[in-house]
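Sequences listed follow chains A and G, in order. Start counting the first sequence at 1; every next residue gets the next number (this note's numbering). Start counting the second sequence at 1; every next residue gets the next number (this note's numbering).
Quick caveat, the hints were computed from the structure, so don't treat them as lab data. A hint or two may mislead.
[As the list claims (entries may be wrong)] Calculated cross-link-like contacts (lysine-lysine; reagent style BS3-like; alpha-carbon spacing at most 30 angstroms):
hint	chain 1	residue 1	chain 2	residue 2
1	A	K213	A	K73
2	A	K74	G	K64
3	G	K28	A	K106
4	A	K109	G	K64
5	A	K109	G	K2
6	A	K158	G	K64
7	A	K113	A	K74
[As the list claims (entries may be wrong)] Incomplete in silico selection of chain G near chain A, CB under 8 angstroms:
hint	residue
8	S13
9	Q18
10	A21
11	V22
12	M23
13	I54
14	A56
15	I71
For clarity, every value in this text was computed on a predicted model and none was experimentally measured. C-beta: ideal position from N, C-alpha, C; glycine also.
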Amino acid sequence: MKFAVIVFPGSNCDLDMYHAVKDELGEEAEYVWHDSTDLSGYDGILLPGGFSYGDYLRCGAIAQSSAVMDEVKKAAEAGKPVLGICNGFQILTEAGLLPGVLLRNKNLKFMCKTVGLKVENANTLFTNEYEKGQEIQIPIAHGEGNYYCDDATYEQLKKNNQIVFSYADDFNGSRNNIAGIVNERGNVLGMMPHPERAVSDLIGGSDGLALFKSIVKQWREANVSHA
Amino acid sequence: MKKVNIYVTLRESVLDPQGSAVMGSLHKMGYAEVKDVRIGKYLELVISDEVQDIDAHVNEMCQKLLTNTVIEDYRFEIEEAVSQ
């Protein structure tokens, strides 16, 4: 399976994302610059964390208008897995690929620590290697991870099982502790925590690895014919 | 040339922790009369006269990039830009 790691000016988790896919999973990965106009050669799209365009205007707002985002939208429409982590999640909401928006943390602080995450939906292409209700330990590192959406949107998210991860404890003010959501079709996931920073016990934990394994497993089942 | 002043404010339904922190500070300084603080953004655009329907253009820019209508409202005013 071949992944594109999209790189914007100011991305800073692109290397971690690349490492997770290439070194820990043994899959193919390539960095793709934000002005690229062709993602047709990739099976999965990864939007890394960081501070694209210095978070100017709003987090993800400038990145959302880059050329590559038209291609990310096409990939999403084609049903390819699209994963946005941290700033990647913010970009996906600004691009309208996911509902809601990420606001400043309620205490106005940048928070960097490992937190408990509850798997709310283990029936997605991103979470099939987890169990529903399982609690995993994943690092967070954000100042603007306070998920907000209006009541109607929240009801939709709940009804369609689009809430994939929630925080075990409230620390940033997110609506109903939402940490990660998918689109209605289920092939676009945005989450604030960093599973790519939890892919080996050497770096303090490996609970994030199953997320990447889930994507690859699903892709293999769908695309590799059994002789 | 036209100068466009755009005011971006948080929707009423959205909490503004920054505004609350500023209100807290004002209270500590003795300004007990302050009942609410909301922080927004102010943008100035200078736009050439070639554009016919400037209102429609500014609205489009606001909706596509300058604001996020999930959480923000905006209003703008257009004035003649004074040449330097």
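Hint by hint, here is what the structure shows:
no., hint, in the structure
1, K213/A - K73/A, "23 angstroms, holds"
2, K74/A - K64/G, "18 angstroms, holds"
3, K28/G - K106/A, "20 angstroms, holds"
4, K109/A - K64/G, "29 angstroms, holds"
5, K109/A - K2/G, "39 angstroms, violated"
6, K158/A - K64/G, "28 angstroms, holds"
7, K113/A - K74/A, "35 angstroms, violated"
8, S13, "7 angstroms, holds"
9, Q18, "6 angstroms, holds"
10, A21, "6 angstroms, holds"
11, V22, "11 angstroms, violated"
12, M23, "13 angstroms, violated"
13, I54, "21 angstroms, violated"
14, A56, "19 angstroms, violated"
15, I71, "5 angstroms, holds"
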